[in-house]
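Kindly produce the complete structure, drawing on both the sequences and the hints.
So the sequences go chain by chain: V and B. Heads up: the first sequence begins at 17 in the numbering used here, then just goes up one per residue. Heads up: the second sequence begins at 22 in the numbering used here, then just goes up one per residue.
Just so you know, not all the hints are guaranteed correct.
[To be verified] Heads up, incomplete: computed chain V residues facing chain B, CB under 10 Å, no partners named:
| id | residue |
| --- | --- |
| 1 | L206 |
| 2 | Y208 |
| 3 | S262 |
| 4 | P274 |
| 5 | H301 |
| 6 | A333 |
| 7 | E341 |
| 8 | E343 |
| 9 | L347 |
| 10 | L350 |
| 11 | R351 |
| 12 | A353 |
In short, the hints are calculated from the structure, not lab data. In this text, all values refer to a predicted model and were calculated from it rather than measured experimentally. Beta carbons are placed, not taken as given, at the ideal position from N, Cα and C, and that holds for glycine.
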Amino acid sequence: MSGAPELETTGDGLARFLTGATGRATTVSDLRMASAGARRRNVLFTATTAGERRELVATIIPTADVQIQPVSVEAGAIRLGAEVGMPVAAVVADTDDPSWVGGPFFVSTLVDGESVPRQILRLVEADPALGPTLAHQCGAALARLHAAPLDRAPAGMEGPGDGHTPASFALEALREQMDELLQPSATFELAYRWLRDTAPGDDRVVVVHGDFRNGNLMVGPDGLRAVFDWEGSRLGAPMSDLAWMSVRMWRFRNDHLPVGGFAVVDDLRSGYEEAGGTWDDATYHWWKVLGTFRWGLGLAGQARQHLDGEFPSIVMAASGRRVAEMEHDVLMLLRGAWGRS
Amino acid sequence: MQDRPTAAELLRDIAATLDERILPLLSGNEQHQVRVAANLCRILEREARLGPDLETEERSLLGELLPDQPADAPLAELNAELARRVATSDDDEFLAGAHAALVALTGQKLAVNKPGYDRFDFAGEVPV
Chain V
17 MSGAPELETT GDGLARFLTG ATGRATTVSD LRMASAGARR RNVLFTATTA GERRELVATI
77 IPTADVQIQP VSVEAGAIRL GAEVGMPVAA VVADTDDPSW VGGPFFVSTL VDGESVPRQI
137 LRLVEADPAL GPTLAHQCGA ALARLHAAPL DRAPAGMEGP GDGHTPASFA LEALREQMDE
197 LLQPSATFEL AYRWLRDTAP GDDRVVVVHG DFRNGNLMVG PDGLRAVFDW EGSRLGAPMS
257 DLAWMSVRMW RFRNDHLPVG GFAVVDDLRS GYEEAGGTWD DATYHWWKVL GTFRWGLGLA
317 GQARQHLDGE FPSIVMAASG RRVAEMEHDV LMLLRGAWGR S
Chain B
22 MQDRPTAAEL LRDIAATLDE RILPLLSGNE QHQVRVAANL CRILEREARL GPDLETEERS
82 LLGELLPDQP ADAPLAELNA ELARRVATSD DDEFLAGAHA ALVALTGQKL AVNKPGYDRF
142 DFAGEVPV
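What follows is the structure, encoded as structure tokens:
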């Protein structure tokens, strides 16, 4: 691991950038890598300005070509979240300029707590009241985000596009992914036609987080402290955020507790409704099927990228053997859809 | 016929070697890759052991759904034909039958790839 010299360069770039962005001489020390995701690096550091020390985090996207959307949009979404009262790690500064630290990045405050899903479930085991509280807080946080005025959405934030509802847009993307499968899946064809035939016609869009789930939450014994990983934020259907946090992948083996493996749906729902959100059971279910299905296609896509040499990796290869898990989940969610079985 | 160890026995032993001898020597990304490789060996061990019976079962399930197809057609072709009909049929009776058969076919794949995963059936989460 050649982390040390790289981190030193990062520190220099961060100090120069923060000095310029805040207009006050800032030094950077105590750099350390936090858990690195697949694509982005989180670097923790101490910033000192006029003797005042602050613990901050730089989220760096190493190569511009894997970016889902500009960092300015992501940072703008986090700022909007803060503005409407969601718990977030406040953004200190951001830049789409890759020259400072080798990629676009944003700097936010460090929020203390637990973000590893299994550890969060351990906190909940230790305090059974925490699960419902947390789900309630998640519902309330999403209701506030979904109520944000659209003219406050960051410039450049993407939505379904002309002539599309959020549902029809998601379906079109799904079809494109299905057509790239190495072998056709009858289960996915069955799920696709069900999604197509029952798609919600609602064309209302709101700012959605896009990846709201156990794994992107900072939690303490007191409950939800921050929602992070906003790279998927966009204009979309409100129920898609609520459904995504209820798919089986994010229950971490606590399958009987649909909401992140720590609560029942009523806890999420009551938090959402009490904070002013409008819940719809059928649409929630529809997005749950879609999210599970899309994850299955993503796994199949990873196996394809391994096999065609685009991204050879034993981990990507193994994903191919996980597609059946998503097929099972989709089939279970569609029980009774055609009258029997 | 090969001499022993059989394919299943060897895959079981490769998985054990990776887990017990190699994993402790590694950390980080390398450890993760070897853990995944060991798990794939266990998947293939089950495939070597269960595969022949599962294929017979799969052929019989597909044969019932696609009675007009040649009984000895390759499984990949039968599965592709099922996908085509599921996409285009307007017969709810056929689709319900396909759903039931797909639950069983997916269960077969999971018996190899992740035994026990299909015990969970989302009871209470499916609209009635």
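Practice problem: May I ask you to test the interface hint for S262/V with respect to chain B, counting a Cβ-Cβ separation under 10 Å as satisfied? | Solution: holds (8 Å)
Quiz item: Would the stated hint for P274/V survive a check requiring a Cβ distance to chain B of less than 10 Å?
Solution: holds (6 Å)
Quiz prompt | Given hint R351/V near chain B, where the shortest CB pair must fall under 10 Å | solution = With a closest approach of 5 Å, the R351/V hint holds.
Quiz item: Taking the least C-beta to C-beta distance, is A333/V closer than 10 Å to chain B?
Solution: holds (7 Å)
Exercise. Have a go at the A353/V hint: is there a Cβ in chain B nearer than 10 Å to its own Cβ?
Key: holds (7 Å)
Quiz item: Should the interface hint for E341/V be scored as holding, given a Cβ-Cβ cut-off of 10 Å against chain B?
Solution: Holds. Min distance 6 Å.
Quiz item: Does H301/V pass the interface check with chain B, least Cβ-Cβ distance below 10 Å?
Solution: Interface hint status for H301/V: holds (6 Å vs cutoff 10 Å).
Quiz item: Quick one, is the L206/V hint okay against chain B at 10 Å, beta carbons?
Solution: OK, holds: L206/V within 10 Å of chain B, min 5 Å.
Quiz item: Holds or violated: is the Cβ of E343/V closer than 10 Å to a Cβ in chain B?
Solution: Given a least distance of 5 Å, the restraint on E343/V holds.
Practice problem: Verify the interface restraint on L350/V: the C-beta must sit less than 10 Å from at least one C-beta of chain B. | Solution: It holds, given that the least Cβ distance between L350/V and chain B is near 7 Å, below 10 Å.
Quiz item: How about L347/V: closest beta carbon in chain B under 10 Å, or not?
Solution: OK, holds: L347/V within 10 Å of chain B, min 5 Å.
Self-check item: chain B contact restraint for Y208/V - C-beta distance below 10 Å
Solution: Holds. Min distance 7 Å.
Every hint, counting from the list given before, is met by this structure.
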